[in-house]
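J.: Each chain, letter by letter, is given below.
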Amino acid sequence: MDRNKQMAMLERLLEIQFVAIELNLYLDTHPCDQDALNDYNCAVEVLMKLRAEYEECFGPLFHFGWSPVNGREWQWAEGPWPWEM
Amino acid sequence: MSSDNEKNDDVYESERKKKDQCKESCHKDFMDMQGCCDEPEFCELNTCDGGMMMPRPMLLAHAYVPWQRYERAFSPREALMKGTLFPELWGVYPIPE
Amino acid sequence: MWIYEKALEHPVRVSRPNVKAAKMIITQYGGPDGELGASLRYLNQRYSMPTNEAKALLTDIGTEELAHMEMIAALVYKLTDGASCKEFKEAGWEGQYVQHDHGLFWTDANGVPWSAKYIACLGDPIADLTENMAAEQKARVTYEHLITCIDDPCVKDTLRFLWQREVVHFQRFGETLNTVQEWMCKSKHIWNGHKCDCDKKD
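Protein chains in written order, with the numbering used here: chain A, 138 to 222; chain B, 23 to 119; chain C, -19 to 182.
The hints are simulated quantities; they were obtained by calculation from the structure and are not laboratory data. Fair warning: this is a prediction, and the values are worked out from it, not measured in the lab. Built from N, CA and C at the ideal position, the CB exists for glycine as well. Hints may contain errors.
Straight-line Cα separation of at most 25 Å, PhoX-like style, residue types lysine-lysine; simulated pairs [stated by the list, open to error]:
id, chain 1, residue 1, chain 2, residue 2
1, A, LYS142, B, LYS104
2, C, LYS118, C, LYS(-14)
3, C, LYS166, C, LYS97
4, C, LYS0, A, LYS186
5, C, LYS(-14), A, LYS142
6, C, LYS(-14), B, LYS104
Computed Cβ-Cβ distance ranges for the label pairs, DEER-style [claimed, not checked]:
id, chain 1, residue 1, chain 2, residue 2, range
7, C, ARG(-4), B, PRO116, 22 to 32 Å
8, A, ASN207, C, ILE106, 36 to 46 Å
9, A, TRP211, B, GLU93, 38 to 48 Å
10, C, GLY91, B, ARG94, 18 to 28 Å
11, C, GLY91, A, LYS186, 23 to 33 Å
12, A, LYS142, C, GLY62, 36 to 46 Å
13, C, CYS65, A, LYS142, 32 to 42 Å
14, A, ARG209, B, PRO109, 41 to 51 Å
15, B, GLU100, A, GLY202, 50 to 60 Å
16, B, ILE117, A, TRP213, 35 to 45 Å
17, B, ARG78, C, ASP61, 47 to 57 Å
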């Protein structure tokens, strides 16, 4: 799969992840805000789906047991690394 | 791919709710401030000041910020571009060009 | 503990390599108001915060600052990609080349190495949260200076993202200060010349 498709898929993922990060910080200081809680869970649901789709095509996003790898090769070490993309 | 993006944005469209601006009923609206309140006396812990909720009591020689209230959100794409999900936090300082 | 995600928080692009810009931007890597200092300051202050909310916020913002440090590293990497020693000299950054080649290192824009003197932890939550708010303001201003001084629009976009994050962090630390001060009023019975209203609760 080409680099452009990888960047496009990753950017969709980063957008939703950023929503989760922002709501996470907001909830740290507004722990009972129901709207924020709902939106956070919404973001997590979409994010998990996007991460699975991205990893299927381009390998694991996380190490230390947080992402599966296929049984044939150790994709974690493969490039490109984030500062090279 | 683009329809997925729109779908993701729609998810956020449908989740966004508007709350009333802080007015006479600010004490009631305020109960959502930190969210944690079934206790009406918590309302007394904050003051409505021109639409901004400040903590109460405020003591001399102590610093406070107004409480942000989550009412609207940018779309995920716009949020990532701008660096915040919240329109009320965008433009509170002049955007450097 | 920390888990690493193999992606930048926000994409980093440059229009072309520019060693002069890299020399300026490195201040947000290892300078007094940079992301390394921010993340270590917040992650270290967690241990002496009195409320769970403060511990959570410091953990989360401290972690996000590590992600910002990575973005600065990516910017410098791309801005110096393929640059020759001659280009480093023209940019006035030959000291960097001589000592580090294309490697990164934590210094400010004048080559002064990072120091733990840039951060504080007094163990007093009001002092520490106030220091954090000051740090976010200084970082915000530094990004404004960088955005003014650098012409590349792609680089400006990344710096503007980081600039806005400082504004949001300032708000969060302020809200935590609100809560911690309320907590201290209740638990330490601060006298304010009148009967404290929160004495009525519990």
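J.: Now look at each hint and say whether the structure bears it out.
T.: Verification of the hints:
| no. | hint | verdict |
| --- | --- | --- |
| 1 | A/LYS142 <-> B/LYS104 | 23 Å, holds |
| 2 | C/LYS118 <-> C/LYS(-14) | 29 Å, violated |
| 3 | C/LYS166 <-> C/LYS97 | 34 Å, violated |
| 4 | C/LYS0 <-> A/LYS186 | 41 Å, violated |
| 5 | C/LYS(-14) <-> A/LYS142 | 17 Å, holds |
| 6 | C/LYS(-14) <-> B/LYS104 | 22 Å, holds |
| 7 | C/ARG(-4) <-> B/PRO116: 22 to 32 Å | 28 Å, holds |
| 8 | A/ASN207 <-> C/ILE106: 36 to 46 Å | 52 Å, violated |
| 9 | A/TRP211 <-> B/GLU93: 38 to 48 Å | 47 Å, holds |
| 10 | C/GLY91 <-> B/ARG94: 18 to 28 Å | 45 Å, violated |
| 11 | C/GLY91 <-> A/LYS186: 23 to 33 Å | 47 Å, violated |
| 12 | A/LYS142 <-> C/GLY62: 36 to 46 Å | 26 Å, violated |
| 13 | C/CYS65 <-> A/LYS142: 32 to 42 Å | 37 Å, holds |
| 14 | A/ARG209 <-> B/PRO109: 41 to 51 Å | 47 Å, holds |
| 15 | B/GLU100 <-> A/GLY202: 50 to 60 Å | 34 Å, violated |
| 16 | B/ILE117 <-> A/TRP213: 35 to 45 Å | 39 Å, holds |
| 17 | B/ARG78 <-> C/ASP61: 47 to 57 Å | 54 Å, holds |
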